[in-house]
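Chain residues, written in single-letter form:
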Amino acid sequence: AQTVTQSQPEMSVQEAETVTLSCTYDTSESDYYLFWYKQPPSRQMILVIRQEAYKQQNATENRFSVNFQKAAKSFSLKISDSQLGDAAMYFCAYRKSSGQNFVFGPGTRLSVLP
Amino acid sequence: DGGITQSPKYLFRKEGQNVTLSCEQNLNHDAMYWYRQDPGQGLRLIYYSQIVNDFQKGDIAEGYSVSREKKESFPLTVTSAQKNPTAFYLCASSNYGTGRAFFGQGTRLTVV
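Chain order of the listed sequences is G and P.
Residue numbering for the first sequence is 1 to 114, as defined by our numbering.
Residue numbering for the second sequence is 115 to 226, as defined by our numbering.
One chain only, chain P, in its complex shape:
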């Protein structure tokens, strides 16, 4: 089945550590996105990529980094510079055809 896979589903990070969240899609979509969702809140854009080897900062990029070496993959690294990383992270992809975004199942990151 085509879709987006995020892993892991749950992730625990110690203070001062970097962690990487995985996002893979087999939908052949050009665009991929990372969103952060805090409890009871909407989605805030962290980074997005419209094409391989290119990406742009979203509204809350500080403390995060991404790469887009392959069309299928868009990993997100939460660095130690992110002071409040505990949140739910959603990855999405889209193309121009249908206009819609397809979402992964999300990763719940907790700082311990």
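Only chain G is shown next, with the shape it has when bound in the complex:
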């Protein structure tokens, strides 16, 4: 069974600084998707970034980028120029391309210090 691990229950970063959240996963599949979702205090789940496993290029979305290491099964999220609005729970998620189910990690709570 696929599993997703986030080894940092809590992280903090100074405003305008850079922070990296870690995610590792376990799968025997070769074709899959990886996601980072953000859950602010409103509890609405918001997609931050998405990566397709067959693409070697790391995905980027404005201040958010990933370091996707397929062989190491690692998918870390880098947030640059951190803003107060980035404070939230961040969930890493996996989905195999031929499947419908998502597997979520336990989450990392990010605090942004002014």
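Errors might be hidden in some of the hints.
[Stated by the list, open to error] Stretch by stretch, here's where chain P covers chain G in the computed footprint (C-beta under 8 Å, at least three residues):
hint: 1; region: 47–58
hint: 2; region: 66–72
hint: 3; region: 84–97
[As the list claims (entries may be wrong)] Simulated crosslink set (DSSO-like; lysine-lysine; CA at most 27 Å straight-line):
hint: 4; chain 1: G; residue 1: Lys96; chain 2: P; residue 2: Lys185
hint: 5; chain 1: G; residue 1: Lys96; chain 2: P; residue 2: Lys184
hint: 6; chain 1: P; residue 1: Lys171; chain 2: G; residue 2: Lys96
hint: 7; chain 1: P; residue 1: Lys185; chain 2: P; residue 2: Lys171
hint: 8; chain 1: G; residue 1: Lys73; chain 2: G; residue 2: Lys55
hint: 9; chain 1: G; residue 1: Lys55; chain 2: G; residue 2: Lys96
hint: 10; chain 1: P; residue 1: Lys123; chain 2: P; residue 2: Lys184
hint: 11; chain 1: P; residue 1: Lys197; chain 2: P; residue 2: Lys171
hint: 12; chain 1: G; residue 1: Lys55; chain 2: G; residue 2: Lys70
These are computed hints drawn from the structure, not numbers from a lab.
Glycine included, each C-beta is placed from N, C-alpha and C at the ideal position.
Assemble the complex: chain G is given as a structure, and chain P must be docked to it using the hints.
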């Protein structure tokens, strides 16, 4: 606007009562999901449905039931058999195209 709508936002249940949480989507997605989230925890899958009139149990299906009579709708019933139903419930949908899940705003269920 396309999206997923959950209702109500807050729900209170008395001991021994069944309650139904609504989830509607107009994204034309085939797959729909129900997740439970406890304070400070991740998402646990209750039920999912890949197509109308078909659904499968997730990791924590005991005490819950679902139906999928229409593509757009996937209601979740929390039965009296669920011993600890107080939690935040999230509904989601997806298709194969983008791979991503779209989430509703959630329902906060409290047993009183």
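Those earlier numbered hints the structure runs against, lowest number first: 2
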